[in-house]
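Here are the chains, one letter per residue:
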Amino acid sequence: AQSVTQLGSHVSVSEGALVLLRCNYSSSVPPYLFWYVQYPNQGLQLLLKYTSAATLVKGINGFEAEFKKSETSFHLTKPSAHMSDAAEYFCAVIYNQGGKLIFGQGTELSVKP
Amino acid sequence: NAGVTQTPKFQVLKTGQSMTLQCAQDMNHEYMSWYRQDPGMGLRLIHYSVGAGITDQGEVPNGYNVSRSTTEDFPLRLLSAAPSQTSVYFCASSPGTGVSGELFFGEGSRLTVL
Numbered sequence: 001a002q003s004v005t006q007l008g009s010h011v012s013v014s015e016g017a018l019v020l021l022r023c024n025y026s027s028s029v030p031p032y033l034f035w036y037v038q039y040p041n042q043g044l045q046l047l048l049k050y051t052s053a054a055t056l057v058k059g060i061n062g063f064e065a066e067f068k069k070s071e072t073s074f075h076l077t078k079p080s081a082h083m084s085d086a087a088e089y090f091c092a093v094i095y096n097q098g099g100k101l102i103f104g105q106g107t108e109l110s111v112k113p
Numbered sequence: 001n002a003g004v005t006q007t008p009k010f011q012v013l014k015t016g017q018s019m020t021l022q023c024a025q026d027m028n029h030e031y032m033s034w035y036r037q038d039p040g041m042g043l044r045l046i047h048y049s050v051g052a053g054i055t056d057q058g059e060v061p062n063g064y065n066v067s068r069s070t071t072e073d074f075p076l077r078l079l080s081a082a083p084s085q086t087s088v089y090f091c092a093s094s095p096g097t098g099v100s101g102e103l104f105f106g107e108g109s110r111l112t113v114l
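Protein sequence lines correspond, in order, to chains A and B.
Take the first sequence: its position 97, counted from the start at 1, is 97 in the numbering used here, and no numbers get skipped.
Take the second sequence: its position 17, counted from the start at 1, is 17 in the numbering used here, and no numbers get skipped.
No lab work stands behind these hints, which were simulated from the structure alone.
Some hints could be false.
[Said to hold, decoys possible] Capping the alpha-carbon separation at 25 Å, the derived lysine to any residue pairs in SDA-like fashion look like this:
| no. | chain 1 | residue 1 | chain 2 | residue 2 |
| --- | --- | --- | --- | --- |
| 1 | B | K14 | A | N41 |
| 2 | A | K100 | B | S69 |
| 3 | B | K9 | A | E88 |
| 4 | A | K100 | B | Q85 |
| 5 | A | K49 | B | E30 |
| 6 | A | K100 | B | T70 |
| 7 | A | K49 | B | E59 |
| 8 | A | K100 | B | T5 |
The task is simple: from the sequences and hints, build the whole structure.
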């Protein structure tokens, strides 16, 4: 079955450290890929999306993600974490045009002072 | 613009009771959907609609009904609530008749079924 997997339900980093949140998808055909962020007691908002243009995608708040077809991955990174980055992050995939958006399980990011 | 508005934000029900979660959007989006969010399971699609008068099932439709009589509104009905329906429910919309990738979410409705 088509799916999306986020490795690590909880990631903790120190302020100023690199943030790396992992996401792998399950198809050999490049899908549409997204990262969403959810701050406490709020709905989700789009961070960035990949739709078969550049493989390195830049999003809001200094985040970026790189599409790697050979690894079926779309990991999210940020060079230097801020306290305000503490939130839950969801990777999501559409496997074909007109398909439904499938979410990963989510990764909660904590940022230590 | 208010975006996507969900009511109520919190609700406690007893097993067997029915209720409706309301969702309204003022962005003239054709696509609307309902998700439930449970710890460790991400968001799962319950029902969706690609326009007024058209609805379809998602991954976990059992126990829920929807209707789409207007472009703006997409209510979710629980006919006979069960403890397994305790969850946080999100309504989301998107421009066009398919998911372009950018879903606009409401702030959620937290439901507890005793």
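Can you list which hints this structure breaks, lowest number first? none
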